[in-house]
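Residue numbers (our numbering), protein chains in the order written: chain A, 1 to 361; chain B, 362 to 722; chain C, 723 to 1083; chain D, 1084 to 1444.
Calculated directly from the structure, the hints in this document are not laboratory data.
Keep in mind that a hint or two might mislead.
Okay, the calculated beta carbon distance ranges per label pair [said to hold, decoys possible]: (1) A:GLU34 <-> C:SER760: 48 to 54 Å; (2) B:SER413 <-> A:SER188: 47 to 53 Å; (3) B:ARG393 <-> C:GLN821: 16 to 22 Å; (4) D:GLN1442 <-> C:LYS887: 50 to 56 Å; (5) D:SER1121 <-> A:LYS204: 44 to 50 Å.
Heads up, the beta-carbon is just placed ideally off N, CA and C, and yes, glycines get one too.
In case you want the letters, here they are:
There are 4 protein chains.
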Amino acid sequence: MSSSLGTLFKISTFGESHCAAVGVVVDGVPPRMELQASDIQVQLDRRRPGQSKLSTDRDEADQVEILSGTENGLTLGSPIGLLVRNKDQRPQDYGSMSQIPRPSHADLTYRQKYGIHASSGGGRSSARETIGRVAAGAIAEKYLAQEFGIEIVAWVSSVGDVSSKNVDHATVSREQVDANEVRCPDQSAAPQMVDEILAARADKDSIGGVLTCVCRNLPAGLGEPAFDRLEARLAHAMLSIPATKGFEIGSGFDGAKMRGSAHNDPYCFKDGRVGTLTNRSGGVQGGISNAENVYFKVAFKPPATIGQAQKTVDYQGEEATLEAKGRHDPCVVPRAVPIVEAMAALVIADLTLIQKMRQPL
Amino acid sequence: MSSSLGTLFKISTFGESHCAAVGVVVDGVPPRMELQASDIQVQLDRRRPGQSKLSTDRDEADQVEILSGTENGLTLGSPIGLLVRNKDQRPQDYGSMSQIPRPSHADLTYRQKYGIHASSGGGRSSARETIGRVAAGAIAEKYLAQEFGIEIVAWVSSVGDVSSKNVDHATVSREQVDANEVRCPDQSAAPQMVDEILAARADKDSIGGVLTCVCRNLPAGLGEPAFDRLEARLAHAMLSIPATKGFEIGSGFDGAKMRGSAHNDPYCFKDGRVGTLTNRSGGVQGGISNAENVYFKVAFKPPATIGQAQKTVDYQGEEATLEAKGRHDPCVVPRAVPIVEAMAALVIADLTLIQKMRQPL
Amino acid sequence: MSSSLGTLFKISTFGESHCAAVGVVVDGVPPRMELQASDIQVQLDRRRPGQSKLSTDRDEADQVEILSGTENGLTLGSPIGLLVRNKDQRPQDYGSMSQIPRPSHADLTYRQKYGIHASSGGGRSSARETIGRVAAGAIAEKYLAQEFGIEIVAWVSSVGDVSSKNVDHATVSREQVDANEVRCPDQSAAPQMVDEILAARADKDSIGGVLTCVCRNLPAGLGEPAFDRLEARLAHAMLSIPATKGFEIGSGFDGAKMRGSAHNDPYCFKDGRVGTLTNRSGGVQGGISNAENVYFKVAFKPPATIGQAQKTVDYQGEEATLEAKGRHDPCVVPRAVPIVEAMAALVIADLTLIQKMRQPL
Amino acid sequence: MSSSLGTLFKISTFGESHCAAVGVVVDGVPPRMELQASDIQVQLDRRRPGQSKLSTDRDEADQVEILSGTENGLTLGSPIGLLVRNKDQRPQDYGSMSQIPRPSHADLTYRQKYGIHASSGGGRSSARETIGRVAAGAIAEKYLAQEFGIEIVAWVSSVGDVSSKNVDHATVSREQVDANEVRCPDQSAAPQMVDEILAARADKDSIGGVLTCVCRNLPAGLGEPAFDRLEARLAHAMLSIPATKGFEIGSGFDGAKMRGSAHNDPYCFKDGRVGTLTNRSGGVQGGISNAENVYFKVAFKPPATIGQAQKTVDYQGEEATLEAKGRHDPCVVPRAVPIVEAMAALVIADLTLIQKMRQPL
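Bound-form chain A, shown alone (with noise of 0.2 Å):
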């Protein structure tokens, strides 16, 4: 009952990794807007597998249809519904596993709750289920960039213990981000990273990390308090990535070690406007956005699919070995990038919409 997301933006997602077909509807999306296909599929192709060595040699094409809320390439203010084939199916590769629940992955507490499991792959908890966000997404972020200008992009900032630095939140793009197969801008990390996932995929293992985020021109207002602040709702779509164990927004973690005298985002005169000097807050105050940037941290385990001999039970609760064959990313998140950017774009859209009710009609 939990596949839509967002009260005017809403989307509602359907797909497993084995099914037919993935999709979404997206309803809300503001009409008169031109909308192709290749809006949507420039950031369905940078989430996709196979892109690089880095990442599983699954070929997955992923191309979307709009079945509906456009004519003439220009959306008509009805749902927008888009359709991606599964083409790839395999679930022989998933055989060995049906037996033992996978440490870690979804297996056993999707049995628990439906009392019934995809037979293969990851079922509605697999990856594939992100296809429908990132092409809803990238409505969300056309809008959002001809209406306002605001631009979104994430990258990824560690690899296990390699972090990035000197990513410069004013200017820093998606072409820098995607210079480098790991999709890291600090170009002198970036090549420790690889060497960290590569590592990884040697040992058959796989190995976690951390997406940065900022989001650039936000007009000031954005955030419903007190439960839909800017904030929360950030956190809420973050965290409903698969694999995702964590959110901070501006100071995040680091911030709860300090004073307030340090913390605090004195006021300044600047561009016309009453801003701040420094951003500790992310861009938000009181759940509210503050017309700086909004900046935020996502952390992603390690993938639970490893080719690694496991011990653990069946769901006998028997002795059982698990080594899993398939073929499986060994660190998601240079793939995760567009999807970050996809839910961040999804949450600004909705709460921009919702701001609209305060304006004169």
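Got chain A; can you put chains B, C and D on it based on the hints?
Frame of chain A; chains B, C and D shown alone:
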């Protein structure tokens, strides 16, 4: 439009810092449950200021009145209205701040969003808004304890640079938490935390901190993929609390540094069921509870209102110096303990009622 | 879980007939609007019993208190809490009914649903629940009048077999409606309606009736296809009022007897815009307002509680005779006028705020 | 933003009359339920045009494809995506209407609302939008039949001035309804209804009608006071169907003419429970089902698109004459039968899942 939270167990809060009253309507409370005002008052008493030397000396008695939804001490299944009068109104304390937005507070953003702002105190962004949450959460907690034996315990796990150690998730109790005024069950760390807070106060400054919360005895199966995953709902609820900057479930950001072979929680047979040997997942897999302890951390920034002089600008952009008078907590985390517990209880109660839809009627 | 209504302009009501208070939280009220308790009280006064000889002589003063959401007579944009104390509690009047469910009342079904039922009066199904609706509706109305000049007028269009005629939708006013105690602006039909009601009362009986409501000056474009069509939302709101049995928009059931050539509303040019010559559509086409008057009818059954002896069975299925004591209205429609107006205002205010999402910010 | 309906059993429809496809995402379907496309196709076949001489001769095969949410013929508990391709696209039939808004159709209001309108056919206001509803409703129906033995049967109870009589709510079946092309189980009224429709067609005109629907074997306790009363949710659902103008539950508008002594349904002991002797309430008391048959009526206006010349104005307000070409049903009520059944099933399924929250887990 966002003062409501929840799908089936649903709350709607109201009230600013200096209006007539704050309160909440709680809809979806199971019928035929024993409920007295005293069940609620106990958590409000833990939340109110003036409990110790660490807190402001404002005396907010915060007596709750049950307005509706019960008869003869039993819930009727109808919405429960809860009211707490604002007794201690001293708007004059805030008068000096009316021309200067407090740095890192919500004064400016509320004005940007609504074109108007409560003239004194935090208005809707005040910590008093959390009274309704705590009151509603106490009802949720009582329900969860009765039907499932669920226990929710939060504590202060760090203040500034001082962190707790050796807190046993399996046994930590509210009695242990409340045994000292900083609400840290690690009795060796607690005095250092107190010192940190008193030092900040002495400097007319404030300091941040982190809460940890454990939820025991959750049944497996709670959480609704894709967007109402248990951790997503918890993250949403926690980041909706004023002054929060981060959220971690299970291994959190540390998990992002690990490899899968070290991070995965192998299954074992224990207590007559398939469980996990370790719990880096934090009791959640694929967004669904797995019957292990759910635990998470919440980062709180240092309170924005400090007595030190701050160089800033006024609403017109003119340079100004702000010195807050009023009475303000130098650190919010001890008083945030019942708020975090309440928000956790509200999320879990809602997901519990939702999961019941999959049972036979 | 269903004590909330609305998406952006959202209310949450609480309260039973004999608890401490009834009330409502109104979220989404536009900021910077002048609002006093007296703006609300005027409609509560039209709703309360004891206004005329047609009604019960219970004296429910029903004084509303604004608990939150305003300062210095202006709305803040935060939720407005409204409270009305239950002063006239006489549960003993209902004592004789505690073993026998009242026919066509909610006693049995509440017990079936919740396993418990308020021991006296209607509990949550009482007409007192509508106080919160009327109070919230008065705020919605004020907003709609200010921003759009929208006028909402309901009246009694039939009582039993007596129907009004000659009510001009373009000009009918609340003053005309309130000019007689039955609230029928057709001054020739009104006395006959009074006679119908008094005759029913003399027989210890009750009688049903119909309200008509017209909403003038709605902008074109309100209503959200497919499921929040304006008439769908109005029907929902009206059928949520206790004792309602039917709803018609525009031509209603009579329209179902007609041919398209006679039913269609041809377009014409008037008032500087494309409008319709006739208005059998009731101001709505394809679920969206077209700037013509919106009008609809609501059928109310005769009140279930009557003084006449009724042969029935008790909760155990044993034969029994019920004679209601208490004080009960023989006809609810005169007092239902402000309730219908309130529900219409709430629906229109919500759809108005939603439509604003399609404006530039 | 309103293409979704339901709280736990939730649908999101998409699609216009001439886009690539129409469809629906159905979330909240209970897991482990047998489901094949053929379960859905049967109701789509009853909805599609071209079934009889009473309908347009457009051949819309409307083959449904299940995209997700099932495996090996069993539901997984995840959202079910359903797709129907639009095969018969002939936008040119509508070309002549592009400068003249069709009277009593949605052309003008869509343009007023969205600033754009699908250039041909009804766009989102087309009857093709109901395909998603019927498909989703078929799943809801199957669930309700399996778990509760609930039966939902709708039929044509009037066309123009011709009304059915003698339809037994306790026994009427879909077989009886489908025994004639007008879908009226009163075999003496049916031929007269057919004549009415054929006469309207011969005159290049259209005609309205009324459907009655009965829902049998509902458990007591469904419906959520105050705003999700069963009849309120049904009214909402029915008035969301294109071309509807009215709704009655139980005695409806006739009940408004009655006295309470005649209208009340006395209780009796029957079938081992307390039931009612009569059923003017329509199976609902206080908004909650009482285990008697739920029945209601829905009024449909005559279709707006007629072949007769209509004097009207164009979008610029210039006088014009409109003669619709295309192929249009002279009467929608026979084809509306599965739509009404679907909407009823969707409402009841949702309220059923919600009521489960009051059961022990």
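Structure-based check of each hint:
no.: 1; hint: A:GLU34 <-> C:SER760: 48 to 54 Å; in the structure: 51 Å, holds
no.: 2; hint: B:SER413 <-> A:SER188: 47 to 53 Å; in the structure: 49 Å, holds
no.: 3; hint: B:ARG393 <-> C:GLN821: 16 to 22 Å; in the structure: 19 Å, holds
no.: 4; hint: D:GLN1442 <-> C:LYS887: 50 to 56 Å; in the structure: 52 Å, holds
no.: 5; hint: D:SER1121 <-> A:LYS204: 44 to 50 Å; in the structure: 45 Å, holds
In summary, this structure violates none of the numbered hints.
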